[in-house]
Structures are given as structure tokens and as C-alpha cells.
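Starting from the known structure of chain A, arrange chain B on it as the hints suggest.
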Amino acid sequence: MDLKVNDYTTDDDLTVINVEGEIDVYTAPKLREKLIDLVNKGKYHLLVDMEKVEFLDSTGLGVLVGGLKRVRAHDGSLELVCTQERILKIFRITGLTKVFGIFDSVDDAREHRQKQK
Amino acid sequence: MAPETATVELAFSPLPAHVRTARLIATAVARRGGVEESLLDEVRLAVGEACSRAVEAHRKQCPEEPVRVELRDGGDRFVVVVTDRVPDDDPTRSGGPEPVDLTELNGELNLGFAVIAGLADDVNIASTPSGVEITMSWPVKKD
Chain A
1 MDLKVNDYTT DDDLTVINVE GEIDVYTAPK LREKLIDLVN KGKYHLLVDM EKVEFLDSTG
61 LGVLVGGLKR VRAHDGSLEL VCTQERILKI FRITGLTKVF GIFDSVDDAR EHRQKQK
Chain B
1001 MAPETATVEL AFSPLPAHVR TARLIATAVA RRGGVEESLL DEVRLAVGEA CSRAVEAHRK
1061 QCPEEPVRVE LRDGGDRFVV VVTDRVPDDD PTRSGGPEPV DLTELNGELN LGFAVIAGLA
1121 DDVNIASTPS GVEITMSWPV KKD
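So the sequence lines, in the order shown, correspond to chains A and B. When we follow our numbering, the leftmost residue of the first sequence carries the number 1, and every step to the right adds one. When we follow our numbering, the leftmost residue of the second sequence carries the number 1001, and every step to the right adds one.
The set of hints was computed from the structure by calculation and includes no laboratory data. All values reported here derive from a predicted model rather than from experimental measurement. You may find that some hints are simply not true.
[Unchecked claim] Derived Cβ-Cβ restraints for the label pairs, each shown as a range:
# : chain 1 : residue 1 : chain 2 : residue 2 : range
1 : A       : G42       : B       : P1129     : 43 to 53 Å
2 : A       : K52       : B       : S1127     : 23 to 33 Å
3 : A       : K52       : B       : E1037     : 17 to 27 Å
No residue lacks a Cβ here, since even glycine has one placed at the ideal position from N, Cα and C.
Same shape as in the complex, but just chain A (with noise of 0.2 Å):
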């Protein structure tokens, strides 16, 4: 199954990236080209919508991290939007909950970036 990489900024400056379908070591290299391209675009906060991912191995999980530690070296952000619990899972094993905001929607996410500003 394809990969579906999609995003948007919103009007405080935040980058939605929604993606659907199966991130594993086939997929992930495009899920990693988006978020290199929306760096070197000067997109440093971003916020990944994954509600509509099917399944996520370590492949996906090393390119999030990836990703949060391009946009930390420029003081930006990479947070999730994620509610199911078998993709919650691989985070907790992982101990990568601690290193992600994880929300339940994009306005939640939001507004949690509004409170902080």
C-alpha cells in the first residue's frame, strides 16, 4: 500500500502533515523526504496528523525522531496527533512518549501551542 504525504501551515505558523497507510522500511524513506523538504523550506514546527495511519514500525518511528532533532537545531517543534491505541503502543515500548507531544486532534495540538506561546 502507498504512502500518502499531504500537508498544510496553518495561519499561527504550524505544519500539518497528514499521512495515510503503512509506514515501515518501504514507505518510510518519503515520509523522511517530507520532513527534510519542509526544513530546508524554513518549516520548523511541526505537528504530524497520524489518524489515519494503519501501521508504524521502528523504520517510522527512527524517521519522527529524525525529524524532531532537524527542527530542534532550529528551535522548532515536531509534535503527533495520534489516538489509536496500537500505534500508542509502539510509542510506549519505545519510551517515545516522553519524547513527543502526542494530542488527540490538530485543534487540541494547537491550541496546546497557543497556551505556550
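Same frame as chain A, now just chain B:
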């Protein structure tokens, strides 16, 4: 009467695209073998991680050799054995040879083994002279 046992063997060229195929087959055999529905996601993910690691190792050192997966059901447990043919590949070693694309994707976090250890009910990793063998198993529900 002894339970009906079955073994499915899969050998595939070390291409990332084939890892998904291996995941799907493993999940189908696990379901047929009586693994609880609630555990099938764990089987799918753990098999995918083991196959991804083997594919990565083969691509670096022996891209012409296939990765082998053995799926056994019919006993008390559903058993999966993923075997690579990279003798010097120590899966617990950090760092390693010159990084390639897939290594870069996974970073230095070695998350794959963390995921396997967290998901499989029983895991054994054996480094043999001919390669690395990862054996994982899950309970089969009784009727």
C-alpha cells in the same frame, strides 16, 4: 489424535517492499493457527521488525541471498523463525559498519529490537556461524 501441524516457509529477496508481504503471510498463518485476534497486531509488527532487520543486513553484505522466514503452527504455540545469512551481524551491537540509507532511517536507536522484545511473548536471538536467527512465539488459544 495429534493436532494437525503445518509449517509455512518463505524466502524472499532482501527488498524493503517484500517485508510487507512477509508480515501479511505471517499474520494469515497465525490466524489460521489459532492465535488470538488481539495478538495478531503484535505478530504482524514483530515479524515485520525481524524481517526489516534481516533485509537491512543482507542489503549491506549479501544482497543476492534471500531472507528466510519459517512459520510453524499446530502445537501449543505459534512459532516464527526469521533467519539471515550474515555471519558477522551481531544484532545487539551498536554502531556498526559504514551506514547506508536504511541504517540512517533507523538511526542509532536500535528501536527494532526494543519493539520485538516488547511485543513477542517469547524471543530468542541466536548468532550462529551462518547468520542470525530470531525465534519468536505466541500462545495458541485452546478450543
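Exercise. Out of the numbered hints, which ones does the structure contradict?
Worked result: 2
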